[in-house]
Amino acid sequence: MTNRIASPILQPVTLGGLQLKNRIVMAPMTRSRADDNGIQPDYAAEYYAQRAGAGLIVTEATNISAQARGYTRTPGIWNEDQITAWKRVTQAVHQREGKIFLQLWHTGRMSHPDMHDGGLPVAPSAIKPHGQIRVHEGMKDFVTPRALRTDEIPLIVEDYRRGAENAKAAGFDGVEIHSANNYLLEQFIRDSTNVRTDRYGGSLENRLRFPLEVVQAVIDVWGAERVGIRISPVTTTPGETPLDSDTMRTFGTYVAALSNLGLLYVHEIEGVTQQSREEVSDVSFAALRRAFRGAYIANNQYTLDLAEQTLAAGDADLFSIGRPFIANPDLVARLASGAPLAEAPKAYWYGGDSTGYSDWPTMS
Numbered sequence: 124m125t126n127r128i129a130s131p132i133l134q135p136v137t138l139g140g141l142q143l144k145n146r147i148v149m150a151p152m153t154r155s156r157a158d159d160n161g162i163q164p165d166y167a168a169e170y171y172a173q174r175a176g177a178g179l180i181v182t183e184a185t186n187i188s189a190q191a192r193g194y195t196r197t198p199g200i201w202n203e204d205q206i207t208a209w210k211r212v213t214q215a216v217h218q219r220e221g222k223i224f225l226q227l228w229h230t231g232r233m234s235h236p237d238m239h240d241g242g243l244p245v246a247p248s249a250i251k252p253h254g255q256i257r258v259h260e261g262m263k264d265f266v267t268p269r270a271l272r273t274d275e276i277p278l279i280v281e282d283y284r285r286g287a288e289n290a291k292a293a294g295f296d297g298v299e300i301h302s303a304n305n306y307l308l309e310q311f312i313r314d315s316t317n318v319r320t321d322r323y324g325g326s327l328e329n330r331l332r333f334p335l336e337v338v339q340a341v342i343d344v345w346g347a348e349r350v351g352i353r354i355s356p357v358t359t360t361p362g363e364t365p366l367d368s369d370t371m372r373t374f375g376t377y378v379a380a381l382s383n384l385g386l387l388y389v390h391e392i393e394g395v396t397q398q399s400r401e402e403v404s405d406v407s408f409a410a411l412r413r414a415f416r417g418a419y420i421a422n423n424q425y426t427l428d429l430a431e432q433t434l435a436a437g438d439a440d441l442f443s444i445g446r447p448f449i450a451n452p453d454l455v456a457r458l459a460s461g462a463p464l465a466e467a468p469k470a471y472w473y474g475g476d477s478t479g480y481s482d483w484p485t486m487s
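One gets the working numbering by counting positions in the sequence shown from 1 and adding 123 to each.
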C-alpha cells in the first residue's frame, strides 16, 4: 500500500472564490433514486455528505422542468418540494465542509412520450435517436421528437434561469450547465441533430445561439464565477448521435465564447464516455483547454497517476471521477492511502433504495 497523501492532486486548491480540499471532483452520476415527482429521498443527503471529501461535488443531472425529463426517477429543481429536498442535501454536505454544485439538465430528444403524458419529446429538429430508453415500464424504443417552435426556445431559457434561481434557494455553492452527452444543448450545437432554418439553426453562430443564451441567463442569476459547464465534443451516446461535421471548429468556437463570458470552469469528457480516452475526429483536448481562460476539469477514466501527469503538463486543473465514488464514499482517503477500491455491481447503479447507494462502508 503506497501513501499518496502528498500528491498535488490531493492538496487544497482555489477554484475562483472557492477553497477546495483537493483537485478531485465527484462527477455527476444519474442514480435514479428520486420519486416520480422528482423529489430526492431523505437518504440522498447522507449519500452526498459521505462523499464530501471530494474537493467539489457536482450533483446528478437535475431536470429544469417537467418537459426536461427523459428518464424515470430523476430529480427536478422546478418546484418548492424539490427545493426543500435539495436543501437537506446541501446542508448535509456543508456540515462536512464540502462544496456542491447542482447540474442543470434538459434531455431534449433523449426522452419518450411515457414521460410526457403521451406528448412527444422536444428537440431542435425532428430527428430520431437510435436505441432505447428506460422509462416506467422498462426499456422502450426512442421516438421521433417534435421540433421546437422558434417562440418556444426563449421559454426554455427562462426554465434554466428559474432552475438556477431555485438552486440558489436550495443552498448550492454554484451550478453546472449540462451541455454534454447529446442532451438538448448539445443537440442544438451539432449539425447532425440541428437542421433548423431559423435563427437557431444553420450557421455555427445560430447553432450556438440557444446554448449561449442559456449560459447568459444562468450567469445573470449566479455570476460567472459560480457557473461551470460540461461538454462532450466526441461522445456519441446516448442515441448513437453522429459527431458534428467540423467538431474542432464548432467546439473551439463554443469554448472561446464561454471563456469570453468568464465562466468559472469548463468540464470536458475527454473521448467517448466510459469507452475510450482517444482523441476522436480532429479534436484536441489540449487545444480546447488552451481556448478557455478559466479552470479546466478533465473527465474520463482518470487515475491518480494520470491526473498527476496531466496536472504536471498543465493540461488540466481538476479531475472528475464518477463510478469509483459509488462504492467508495471515502474515495479521496483511499487514493491518499493507496487502499484498494471497492466496485459496485451494475444492479445498484440506477434505481432502488438506499441499498447500494448510501450504505457503502468506508475503509474503517
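For the record, the hints were derived by calculation from the structure and aren't laboratory data.
Predicted model only: the values in this text are computed from it and were never measured.
Using N, Cα and C, we set each Cβ at its ideal position, and we do this for glycine too.
Treat the hints loosely; a few may be bogus.
Pairwise CB distance ranges (calculated) [stated by the list, open to error]:
1) V266 with Q134: 41 to 51 Å
2) N329 with W472: 20 to 30 Å
3) R372 with H259: 32 to 42 Å
4) Q134 with D159: 26 to 36 Å
5) D369 with G437: 39 to 49 Å
6) A249 with V395: 17 to 27 Å
7) D369 with R219: 38 to 48 Å
8) R127 with S326: 41 to 51 Å
9) E220 with E260: 26 to 36 Å
10) G475 with K210: 18 to 28 Å
11) E220 with H253: 43 to 53 Å
12) P135 with S368: 42 to 52 Å
Below, in silico cross-link-like pairs of lysine-lysine (DSS-like), each with a Cα-Cα straight-line distance of 25 Å or less [said to hold, decoys possible]:
13) K263 with K251
14) K210 with K144
15) K469 with K263
16) K291 with K144
17) K291 with K210
Outcome of the hint check:
1. The hinted range of 41 to 51 Å is satisfied by V266 and Q134, whose Cβ atoms lie roughly 49 Å apart.
2. At roughly 38 Å, the beta-carbon separation of N329 and W472 lies outside the given 20 to 30 Å, and the hint is violated.
3. Range check, R372 to H259: about 41 Å between beta-carbon atoms, so the 32 to 42 Å window is met.
4. At roughly 43 Å, the beta-carbon separation of Q134 and D159 lies outside the given 26 to 36 Å, and the hint is violated.
5. For the hinted restraint 39 to 49 Å between D369 and G437, the CB-CB distance of approximately 27 Å leaves it violated.
6. Checked against the given bound of 17 to 27 Å, the beta carbons of A249 and V395, roughly 26 Å apart, stay inside it.
7. Our hint of 38 to 48 Å for D369 and R219 holds, since their Cβ atoms are close to 45 Å apart.
8. The supplied range of 41 to 51 Å is met by R127 and S326, whose beta-carbon atoms lie about 49 Å from each other.
9. Checked against the given bound of 26 to 36 Å, the beta carbons of E220 and E260, roughly 43 Å apart, lie outside it.
10. For G475 and K210, the hinted distance range of 18 to 28 Å is satisfied, since their beta carbons lie about 24 Å from each other.
11. Checked against the hint of 43 to 53 Å, the pair E220 and H253 passes, with Cβ atoms roughly 44 Å apart.
12. Distance hint check for P135 and S368: the Cβ-Cβ separation is about 43 Å, which falls inside the suggested range of 42 to 52 Å.
13. Taking the CA atoms of K263 and K251, the gap is near 13 Å; set against the 25 Å cutoff, the hint holds.
14. For the proposed pair K210 and K144, the alpha carbon gap of about 22 Å is at most 25 Å, so the pair holds.
15. With a C-alpha separation of about 20 Å, the suggested pair K469 and K263 falls inside the 25 Å cut-off, and the hint holds.
16. A hinted pair counts as satisfied when its Cα atoms are at most 25 Å apart, and K291 with K144 qualifies at roughly 22 Å.
17. Proximity of K291 to K210 is assessed by CA-CA distance (about 10 Å); at most 25 Å being required, the pair is judged to hold.
Consistency note: the structure conflicts with the earlier hints numbered 2, 4, 5 and 9.
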